[in-house]
Amino acid sequence: MATPVIMPRQGQSVESCIIAKWHKNKGDSVREGELLFSYETDKASFDEEAKASGVLLDVFFQEGDDVPCLTNVCVIGNPGESTAEFNPNAGAEAVAKPVEEKPAAVEAHAQEKSEEAFPVTAVEGDRIKISPRARNLAEKLSLDYRYAAASGPNGRIVEKDIITLKESGPVPTPAAKGEFAGQTMTGTGIGGRITTGDLNTVKVSDAAAMQPAQEAGPMFEEVKLTNIRKVIAKAMHHSISSTCQLTLNSSFDATDIMEFRKKLKDSKDRLGLENITLNDIILYAVSRTLMNHKDLNAHFLDDRMLYFRNVNLGVAVDTERGLMVPTVFNANHKSLNDIAREVKKLVKDCQSGNINPDLLKGGSFTVTNLGTLDIESFTPVLNPPQTAILGVNTIVQRAREVDGEIEFYPAMGLSLTFDHRALDGAPAARFLQELKHNLENFSVMLVK
Amino acid sequence: MPKSQYICPNEIRKSGWIKFTDIPVNQYSKTIEEEKANFSTEDFLRIYRDMTVIREFETMLNLIKTTNEYNGIQYNHPGPAHLSIGQEASVVGQAYILDKDDYIFGSHRSHGEILAKGLSAIEKLDDKELLEIMEKFFDGAILRVVEGKQKNKNDVKELAIDFLVYGTLAEIFARETGFHKGLGGSMHAFFTPFGIYPNNAIVGGSGDISVGAALYKKINKKKGIVIANIGDASMGCGPVWEGLCMATMDQYKQLWEGEYQGGLPYILNFFNNQYGMGGQTRGETMGYDMLARVGAGVNPEQMHAERIDGYNPLAVIDAMKRKKKILEEKRGPVLLDTITYRFTGHSPSDASSYRTKEEIEAWMEHDSLLTYRRELTKAGIAKDDKFEEILEATKELIAKVCKLAVDDNVSPRMNLVKNPNQIADLMFSNGRIEKMEDRECEVLMSKEENPRVQQISKKIRTGIQDGKPVPKNKVYQFRDAVFEALLDKFYTDPTLIAYGEENRDWGGAFAVYRGLTEALPYHRLFNSPISEGAIVGSAVGYGLCGGRVVVELMYCDFLGRAGDEIFNQLSKWQAMSAGVLKMPVVLRVSVGSKYGAQHSQDWTSLCAHIPGLKVVFPATPYDAKGLMNSALIGTDPVIFFESQRLYDIGEMFHLEGVPEGYYEVPIGEPDIKKQGKDLTILTVGATLYRALDAAKILEEKYGVSVEVIDARTIVPFNYDKVIQSVKKTGKILLSSDACERGSHLKDMAQTISEVAFDYLDAPPVVVGAKNWITPAYELEEYFFPQPDWIIDAVHEKIMPLKGHAAKNNFTVNEQLRINRLGV
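These protein sequences, in sequence, are chains A and B. Following our numbering, the numbering of the first sequence begins with 1 at its first residue and continues without gaps. Following our numbering, the numbering of the second sequence begins with 1 at its first residue and continues without gaps.
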């Protein structure tokens with residue numbers, strides 16, 4: 001006789017578990033005691049062993065599916081035995097089984113009136129069904145759409161569900177629904193759903209108002225990585241694990257560039273150049289200086305180097321979504337004003353998410369600036385296959401002796417990370433030295 | 001149908017006999033000696049020269065195709081080359097008396113016709129005219145290649161011959177310096193300034209197009225005659241027969257009036273080379289024994305049919321002189337069966353497995369280049385060295401031209417990397433020409449006197465007055481709108497003509513043309529035979545000659561009958577001519593209902609699929625008049641769909657009424673017929689009104705605010721308004737009466753998905769007609785989209801409607817099921 005296998009309940013607070021791995025496939029023969037599947041709660045993983053021998057006749061859930069406890073997961077029995085009676089999805093499947101080619105009008109479809117069926121979150125395997133418009137709106141409103149109740153066809157989350165989510169908050173799981181009395185609360189279940197555990201919390205907090213509610217829940221908030229975060233993570237790890245990078249630190253007297261900038265600001269009515277920043281000035285100086293140091297304006301490709309004829313300057317931009325590095329192509333041919341304007345546009349596009357993806361490639365050297373955040377020195381991470389990256393630091397007052405007198409001057413820090421596989425320390429240091437010289441004599445450099 | 005023609009039972013039932021007269025077969029028998037009166041020595045020799053030019057030209061092509069080399073010039077030509085080696089005397093004989101005002105249309109095997117006609121035109125044109133033609137054509141681009149390369153720098157005729165041969169060859173080799181920038185190629189090369197009109201790769205394709213050209217000559221009183229040169233096997237093509245019927249209609253002689261009375265200036269000439277590819281027309285694939293016999297079955301004049309010897313250039317010239325005279329006396333048209341034979345295969349890949357070596361060799365002994373030369377020598381016209389001299393010069397000419405044509409530097413191809421839109425820009429001419437010619441329009445009365453105009457003036461020009469619908473008998477209807485636009489153009493453009501089935505007297509099956517019969521003389525509005533192929537094909541010919549024409553298919557379902565004419569001819573000649581030809585042709589297509597499976601189909605999608613056609617489908621009187629005006633001022637072919645459901649509908653949207661004066665609705669712009677914010681419905685054609693009914697229910701019953709957009713045009717189509725609407729509503733349903741599978745709506749839905757993906761709250765959903773035959777009227781509601789279909793589809797696929805119980809199955813499973821079954 002066919003025997004169903006249920007999802008065990010591991011402790012009173014667990015309502016559902018996720019199937020992590022199937023060790024047997026539908027149709028495999030199974031002996032008592034053999035591993036059937038592994039599953040997880042939010043706290044631990046467990047293995048389920050077969051309690052009967054036979055053939056794994058049917059499997060009702062796939063890896064990644066969130067299965068309510070005590071629900072039938074699969075069936076073991078003799079070949080040919082029916083499993084339909086055990087199928088927990090049977091109700092929903094009826095429509096999805098068009099076995100007979102019946103004429104349209106009479107089909108079972110004869111639509112029960114769609115009275116306010118309780119909205120079910122649209123999970124299919126590990127995919128959530130949501131319309132592009134709804135997803136975009138959720139992102140715009142910073143809402144986690146997994147909390148939304150789906151009211152669209154076939155359990156699709158649509159725009160209005162996100163609006164409901166925004167206005168009314170998250171939606172409870174079916175199990176919690178009975179007890180849910182409209183209180184607002186933070187869901188702690190898988191996918192952020194409100195669980196009966198959360199309901200207990202409310203009850204407890206009602207009873208003992210002094211006790212903070214969150215004690216009953218986990219001590220952290222779990223948030224899935226955004227794609228851009230994943231990309232950054234991968235790139236950073238790749239950089240560190242695949243290159244031999246080290247950082248040289250230096251600083252320069254920023255008096256000249258600060259004065260220069262002041263002049264631009266003072267004469268804004270006349271020149272209209274007041275928007276040029278210190279960073280733009282540094283980018284300009286880098287673009288000119290690099291032309292004398294081809295090892296640093298290059299890509300290292302294991303068995304060969306690509307020396308760039310022009311400077312394609314990557315500019316690190318901090319955005320809400322994470323770090324982005326757009327490129328100012330041929331920066332060595334562009335004027336200071338051109339560079340300033342272009343960088344402004346690139347930053348704006350990155351921040352608004354409109355950046356042309358082609359502009360996120362092709363850099364030959366990168367400049368990153370943490371100076372505005374008061375960083376005095378740091379280790380920029382290379383952007384391989386580029387051979388170097390320049391970190392720009394904040395300005396600190398530093399003392400020096402001039403003709404026996406101690407005087408203070410504004411010192412701006414420069415942190416150059418380079419790939420020792422591509423070049424040695426001395427050439428990197430020479431670049432930094434020339435850059436320092438150029439920045440300290442910026443007005444002269446501009447004339448060149 | 002004209003009342004003036006009484007069909008007398010006594011006459012019709014009388015007994016008697018149909019008498020035929022004898023059809024001459026190769027009756028020419030003059031000697032060179034006798035012909036000396038008609039030809040000078042130069043004439044005799046020029047005929048020989050023209051034949052050698054064609055022979056050498058095609059020999060060169062044959063060598064290039066089969067050996068990749070000609071006289072040391074290496075070249076690979078992957079494209080077609082259907083050669084006519086052996087047929088030279090027939091084409092040179094025909095062209096001999098023709099000048100640039102005589103138009104020839106040809107086939108896939110027409111290199112010889114192009115060269116012969118071109119050489120003849122060059123002979124007759126003076127230097128000034130020749131230079132002007134060469135300078136004007138593509139701003140002298142072809143002339144630039146050949147000029148300065150002549151032995152005698154002052155010999156304009158020599159230059160013109162180089163120009164002709166080079167332009168033709170460059171076209172064959174797909175060079176931008178070809179007569180049509182390489183877009184026509186071997187089978188479609190032509191050159192209108194010399195009276196060489198499109199050659200056609202569809203067998204018999206010229207059979208009906210050329211009739212339209214003859215109509216153009218006759219109706220617009222142009223000089224010259226028109227000749228269709230097609231092959232013997234094309235007698236088996238329907239459109240050739242249809243063209244024949246249209247060319248011989250009794251009405252030219254019996255009903256057309258004044259100087260327009262009389263037969264068409266038209267010769268249907270068959271270059272009868274005995275084979276249709278490999279099928280032998282005599283003895284195997286046809287039953288006429290001799291093709292000229294067919295003329296006897298067409299009209300009492302037997303089309304003045306004659307079989308002539310195309311292996312003797314002088315016999316052909318003799319026949320042409322006699323036949324041209326018949327045409328000038330308005331006793332045409334004429335059918336000629338010009339016998340000839342090709343030594344080469346159908347194409348260079350043809351192994352001639354269907355004929356014997358002996359047969360080919362026997363014909364080679366009759367080779368006109370040898371026999372004609374022998375006769376001339378015998379008659380003392382010239383000595384051998386003269387002929388050798390001509391041959392030598394011809395070889396030099398062909399080698400010179402070939403060298404230029406294969407040189408990528410002087411003869412480049414279109415650069416679609418540099419100019420990616422070069423072909424796209426030629427698909428439509430997008431012209432605006434109010435009248436194709438500036439002269440008086442021939443009409444029979446003033447517009448004001450017209451009974452239909454007077455009747456319309458009493459109508460109410462809006463469909464809703466004081467909030468109530470205007471009764472049918474008082475309202476200005478859709479048919480009135482189409483009529484007004486057409487009438488207006490008949491009084492503006494003197495070249496405009498209209499014809500089709502039941503267009504005159506009856507006023508069209510749907511009363512659109514009522515009132516035009518009174519306004520127009522016969523030659524501007526007439527009934528055609530039931531020949532949909534020839535109706536459209538002749539319109540193509542009329543249009544490409546420079547006339548404006550409106551033709552009609554009574555039911556959309558008959559479009560299949562005119563398939564080649566619409567899909568291969570009407571749509572393609574503007575681009576294949578690289579913009580040399582315009583196609584100011586409006587094809588009115590009436591979409592039926594109530595009449596079952598073969599009279600109720602919406603085939604807009606078929607037309608939309610074919611590049612080169614503009615496809616419109618107005619659904620309101622305002623749009624119908626405005627779009628018809630736009631179609632009539634343009635220079636592109638427009639397939640103008642009209643729904644028979646709507647001919648009596650009033651204007652429900654422009655409540656200030658349909659303007660009496662001229663206005664245009666731009667082709668390609670959809671129109672928002674109703675504003676809304678939750679859901680967009682885009683419709684094509686008459687489905688608009690059912691969509692509006694659905695919108696009303698959705699709003700009143702379910703609180704869904706619906707925006708309804710009428711596509712109005714299908715090709716071209718500006719998506720802006722639709723995308724804007726979808727950005728607002730996030731949801732769109734598309735509906736039309738076309739069968740859903742392959743409906744153009746699917747294409748639109750796909751485009752919307754791509755363009756507005758991030759704004760979509762549901763997939764675009766198409767609701768079309770079933771993929772069945774159209775059933776009887778009483779069952780149509782189960783076939784064509786209905787308001788409740790639209791609502792059910794919205795409920796099932798776009799947004800579940802609270803409390804709604806669907807009656808129709810729009811589930812995904814049903815969709816998959818019917819696809820699985822192909823229904």
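These are calculated hints, taken from the structure and not from any lab test. Values in this document were obtained by computation on a predicted structure and should not be read as measured data. C-beta: ideal position from N, C-alpha, C; glycine also. Errors might be hidden in some of the hints.
[Said to hold, decoys possible] Restraint-style ranges between C-beta atoms, simulated for each label pair:
{"id": "1", "chain 1": "B", "residue 1": "Asp648", "chain 2": "A", "residue 2": "Lys166", "range": "48 to 56 Å"}
{"id": "2", "chain 1": "A", "residue 1": "Asn354", "chain 2": "B", "residue 2": "Gly822", "range": "56 to 64 Å"}
{"id": "3", "chain 1": "B", "residue 1": "Gly822", "chain 2": "A", "residue 2": "Thr226", "range": "42 to 50 Å"}
{"id": "4", "chain 1": "A", "residue 1": "Leu446", "chain 2": "B", "residue 2": "Lys728", "range": "46 to 54 Å"}
{"id": "5", "chain 1": "B", "residue 1": "Gly72", "chain 2": "A", "residue 2": "Leu301", "range": "29 to 37 Å"}
[Unchecked claim] DSS-like, lysine-lysine: derived pairs with alpha carbons at most 27 Å apart:
{"id": "6", "chain 1": "B", "residue 1": "Lys721", "chain 2": "B", "residue 2": "Lys746"}
{"id": "7", "chain 1": "B", "residue 1": "Lys325", "chain 2": "A", "residue 2": "Lys160"}
{"id": "8", "chain 1": "B", "residue 1": "Lys727", "chain 2": "A", "residue 2": "Lys129"}
{"id": "9", "chain 1": "A", "residue 1": "Lys140", "chain 2": "B", "residue 2": "Lys728"}
{"id": "10", "chain 1": "B", "residue 1": "Lys124", "chain 2": "B", "residue 2": "Lys136"}
Here is how each hint holds up against the structure:
1. For Asp648/B and Lys166/A, the Cβ-Cβ distance of about 51 Å falls inside the hinted range of 48 to 56 Å, so the restraint holds.
2. In this structure the supplied range 56 to 64 Å is violated for Asn354/A paired with Gly822/B, their Cβ-Cβ distance being about 45 Å.
3. Checked against the hint of 42 to 50 Å, the pair Gly822/B and Thr226/A passes, with Cβ atoms roughly 45 Å apart.
4. Between Leu446/A and Lys728/B the beta carbons are some 52 Å apart, a value that agrees with the proposed interval 46 to 54 Å.
5. Roughly 49 Å separates the CB atoms of Gly72/B and Leu301/A, a value that falls outside the hinted 29 to 37 Å.
6. Taken as a hint, the Lys721/B and Lys746/B pair is honoured in the structure, with Cα atoms around 18 Å apart against an allowance of 27 Å.
7. Between Lys325/B and Lys160/A, the direct Cα distance comes to roughly 81 Å. Violation of the 27 Å bound is thereby established for this hinted pair.
8. For the given pair, Lys727/B sits about 20 Å from Lys129/A by alpha-carbon distance, which is consistent with the 27 Å threshold.
9. Restraint check for Lys140/A and Lys728/B: the C-alpha separation of about 16 Å stays at or below 27 Å, so the hint holds.
10. Between the alpha carbons of Lys124/B and Lys136/B the distance comes to roughly 19 Å, so the proposed pair stays at or under 27 Å and holds.
Hint check: violations occur at hints 2, 5 and 7; the rest are consistent with the structure.
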